[in-house]
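> For the record, the sequence lines run as chains A and B.
Numbering (the UniProt record's numbering) for the first sequence: 1 to 332.
Numbering (the UniProt record's numbering) for the second sequence: 1 to 332.
By construction, these hints were calculated from the structure, which means they are not laboratory data.
A few of these clues could be false.
If several chains are the same, the list does not tell them apart, and a pair holds so long as it fits within one copy or across any two.
[Claimed, not checked] Derived pair list, reagent style DSSO-like, types lysine-lysine, alpha-carbon separation capped at 27 Å:
#1 K92 x K127
#2 K330 x K46
#3 K230 x K32
#4 K242 x K2
#5 K284 x K245
#6 K245 x K208
#7 K245 x K228
#8 K284 x K29
#9 K330 x K98
#10 K92 x K2
#11 K46 x K245
#12 K208 x K2
Here the structure is a predicted model, which means the values were calculated and not measured.
Protein chains: 2
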Amino acid sequence: MKKLINNPNFVVEDMIQGIAAAHPEYLRKSTKGNILMRSDAPVKGKVALVSGGGSGHEPAHAGYIGRGMLSAAVLGSVFTSPTPDQIYEAIKEVDGGKGVLLIIKNYTGDVMNFDMAKDMADMDGIKVDSVVVNDDVAVEDSTFTAGRRGIAGTVFVHKISGAKAEQGASLEEVKRVAEKTVANVRSMGMALTPCIVPAAGNPNFTLKDDEMEIGIGIHGEPGIHREKIKRADDIAEELLDKILKDMTFRNGEEAAVMVNGMSGTPLMELYIINKRVNEILTQKGINIHRTFVGEYMTSLEMAGCSITLLKLDRELKELLDEKSNTLGFKVV
Amino acid sequence: MKKLINNPNFVVEDMIQGIAAAHPEYLRKSTKGNILMRSDAPVKGKVALVSGGGSGHEPAHAGYIGRGMLSAAVLGSVFTSPTPDQIYEAIKEVDGGKGVLLIIKNYTGDVMNFDMAKDMADMDGIKVDSVVVNDDVAVEDSTFTAGRRGIAGTVFVHKISGAKAEQGASLEEVKRVAEKTVANVRSMGMALTPCIVPAAGNPNFTLKDDEMEIGIGIHGEPGIHREKIKRADDIAEELLDKILKDMTFRNGEEAAVMVNGMSGTPLMELYIINKRVNEILTQKGINIHRTFVGEYMTSLEMAGCSITLLKLDRELKELLDEKSNTLGFKVV
Numbered sequence: 001m002k003k004l005i006n007n008p009n010f011v012v013e014d015m016i017q018g019i020a021a022a023h024p025e026y027l028r029k030s031t032k033g034n035i036l037m038r039s040d041a042p043v044k045g046k047v048a049l050v051s052g053g054g055s056g057h058e059p060a061h062a063g064y065i066g067r068g069m070l071s072a073a074v075l076g077s078v079f080t081s082p083t084p085d086q087i088y089e090a091i092k093e094v095d096g097g098k099g100v101l102l103i104i105k106n107y108t109g110d111v112m113n114f115d116m117a118k119d120m121a122d123m124d125g126i127k128v129d130s131v132v133v134n135d136d137v138a139v140e141d142s143t144f145t146a147g148r149r150g151i152a153g154t155v156f157v158h159k160i161s162g163a164k165a166e167q168g169a170s171l172e173e174v175k176r177v178a179e180k181t182v183a184n185v186r187s188m189g190m191a192l193t194p195c196i197v198p199a200a201g202n203p204n205f206t207l208k209d210d211e212m213e214i215g216i217g218i219h220g221e222p223g224i225h226r227e228k229i230k231r232a233d234d235i236a237e238e239l240l241d242k243i244l245k246d247m248t249f250r251n252g253e254e255a256a257v258m259v260n261g262m263s264g265t266p267l268m269e270l271y272i273i274n275k276r277v278n279e280i281l282t283q284k285g286i287n288i289h290r291t292f293v294g295e296y297m298t299s300l301e302m303a304g305c306s307i308t309l310l311k312l313d314r315e316l317k318e319l320l321d322e323k324s325n326t327l328g329f330k331v332v
Numbered sequence: 001m002k003k004l005i006n007n008p009n010f011v012v013e014d015m016i017q018g019i020a021a022a023h024p025e026y027l028r029k030s031t032k033g034n035i036l037m038r039s040d041a042p043v044k045g046k047v048a049l050v051s052g053g054g055s056g057h058e059p060a061h062a063g064y065i066g067r068g069m070l071s072a073a074v075l076g077s078v079f080t081s082p083t084p085d086q087i088y089e090a091i092k093e094v095d096g097g098k099g100v101l102l103i104i105k106n107y108t109g110d111v112m113n114f115d116m117a118k119d120m121a122d123m124d125g126i127k128v129d130s131v132v133v134n135d136d137v138a139v140e141d142s143t144f145t146a147g148r149r150g151i152a153g154t155v156f157v158h159k160i161s162g163a164k165a166e167q168g169a170s171l172e173e174v175k176r177v178a179e180k181t182v183a184n185v186r187s188m189g190m191a192l193t194p195c196i197v198p199a200a201g202n203p204n205f206t207l208k209d210d211e212m213e214i215g216i217g218i219h220g221e222p223g224i225h226r227e228k229i230k231r232a233d234d235i236a237e238e239l240l241d242k243i244l245k246d247m248t249f250r251n252g253e254e255a256a257v258m259v260n261g262m263s264g265t266p267l268m269e270l271y272i273i274n275k276r277v278n279e280i281l282t283q284k285g286i287n288i289h290r291t292f293v294g295e296y297m298t299s300l301e302m303a304g305c306s307i308t309l310l311k312l313d314r315e316l317k318e319l320l321d322e323k324s325n326t327l328g329f330k331v332v
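Bound-form chain A, shown alone:
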């Protein structure tokens, strides 16, 4: 295990210190646990947005804290849901009196713990609602999930509901656009290499030197199949094909595209994937409104990528284009 860490059992705590020290202009650490939140939280009269989950997916979710996106992120241990009481503390920290929306990636542990936190906050009289993101078209149920998994498409949900909240919308309205985003976003990923959870010390799965896995999850959960590594163009086609089978685009309709790196894959390779993604979508008559290429939802040091398509109507497009200022996602 070759990692820049101190103690495998304290990677999340060390990381949180490093993030809070780096970016006081965006965020600060709560005294109530492994919670990072907007430096100006709670913002009075604005719906607050809370997300989070297991660590190891950076910049998700702490990197999306700030103006136009999240109010707080709750950081669990690596690949492990944060506890209900941590999430509950985050809700209390950021509630500005207008309610709190929880944005949950669809994993059984996350959904259960965020729901319990919601119930705890309800008893305090805080208005809380939630959306569950399940953008991964690879598999219907998986190791940690009933239904589809939530992956990189979650970042678009942060962005669009965050923009709506920043406009002063009600909790119901913010939830409505979050759900509309969930309904219109699809993703699929692949891996070239596994990753190592620091406290475990060993790879979470193995792949032969000439193998890749298609449809893998962001915790190394099994995907659809393994095969010999193909050309980047063919990989892009295979991922997009499965995504487009699950969405309907009429000619001239618009999309936002995300080519997301799992962390170990250099930007050069992500752009090579995007070359083919762009060609295919253009051929199909889909207008690409914006393209995001980079690391948005990672899996420790795993090499690989995912492709996300978000179908845009006028409302989603306007909200996507609103300014946001966070570490991991700036719209200027």
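On the provided structure of chain A, position chain B as indicated by the hints.
Just chain B now, kept in the frame of chain A:
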């Protein structure tokens, strides 16, 4: 070699297509070769900034094209300087009548080819000047360099001279702040793993499972020494120690910090490094004005990091804080 590529000999061309397709709002490809430039180039009455070098360091340098930073980047083959005629074409593409500043990382091939391009442009009557960045304190001369190497500190030179150019300053003034930045920036890096140049197909060096190399260059050039992997805190101390031996800070003076990932190292680990960097600088009475943690100057899929310190006076600080809008570096 596990890479998301098509043909190892065309990774740069495929990448350029992918970048240009993704970001028409920032940049476009020149018809004159492997040159990416501001979508609004040439900008009349503004000094133009041209950088570049071998590919494999993304987002450097194409990711720094845009308002407040570069006018164009010239993309050589992987780890190989662009040719003089490519650089010359880039100069002609972006010259807006007020002159062109070349920002060169100190590698023998780059310096030679950028200088030849400057001579070619001189003969056309284009006003061209250049600065050479040599921020790497690890070694005095190395495999590809006479004198110190230019690494991640180059990004601060792009930012600060870009801000000055955007203000309408003369070529002499833009060059002056670029040189002032070079004089005040120091970096040092380390690696946990090698990387593989696609056309070569084999790692550029080897490290044992428990080894790291301190002072390595961004092309895998030998550093200072190899040793057993240490704790992140100890690595941060070792790199900073060497950097601070080469700079003088009086109590209360300000710095910008960059913790740069070589690409294979996840953001989590970079923030763990930053935790200790922040502690050490704070203990030494150095005021940290801004911290940048992420991938700014990479080395294909190499795992490792570098630390950069930029000592700020009032002028450098104001220019660093000016707005910039590029793929890889946004100041909002």
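> Evaluate each hint against the coordinates.
So, going through the hints one by one against the coordinates:
1. K92 x K127: within (11 Å within a copy, 60 Å between copies)
2. K330 x K46: both (20 Å within a copy, 26 Å between copies)
3. K230 x K32: neither (48 Å within a copy, 31 Å between copies)
4. K242 x K2: between (35 Å within a copy, 23 Å between copies)
5. K284 x K245: within (13 Å within a copy, 58 Å between copies)
6. K245 x K208: neither (29 Å within a copy, 45 Å between copies)
7. K245 x K228: within (23 Å within a copy, 50 Å between copies)
8. K284 x K29: between (46 Å within a copy, 23 Å between copies)
9. K330 x K98: Within one copy, since 25 Å is at most 27 Å while 31 Å is not.
10. K92 x K2: neither (38 Å within a copy, 46 Å between copies)
11. K46 x K245: Answer is neither; intra-copy 38 Å and inter-copy 49 Å both fail.
12. K208 x K2: both (19 Å within a copy, 10 Å between copies)
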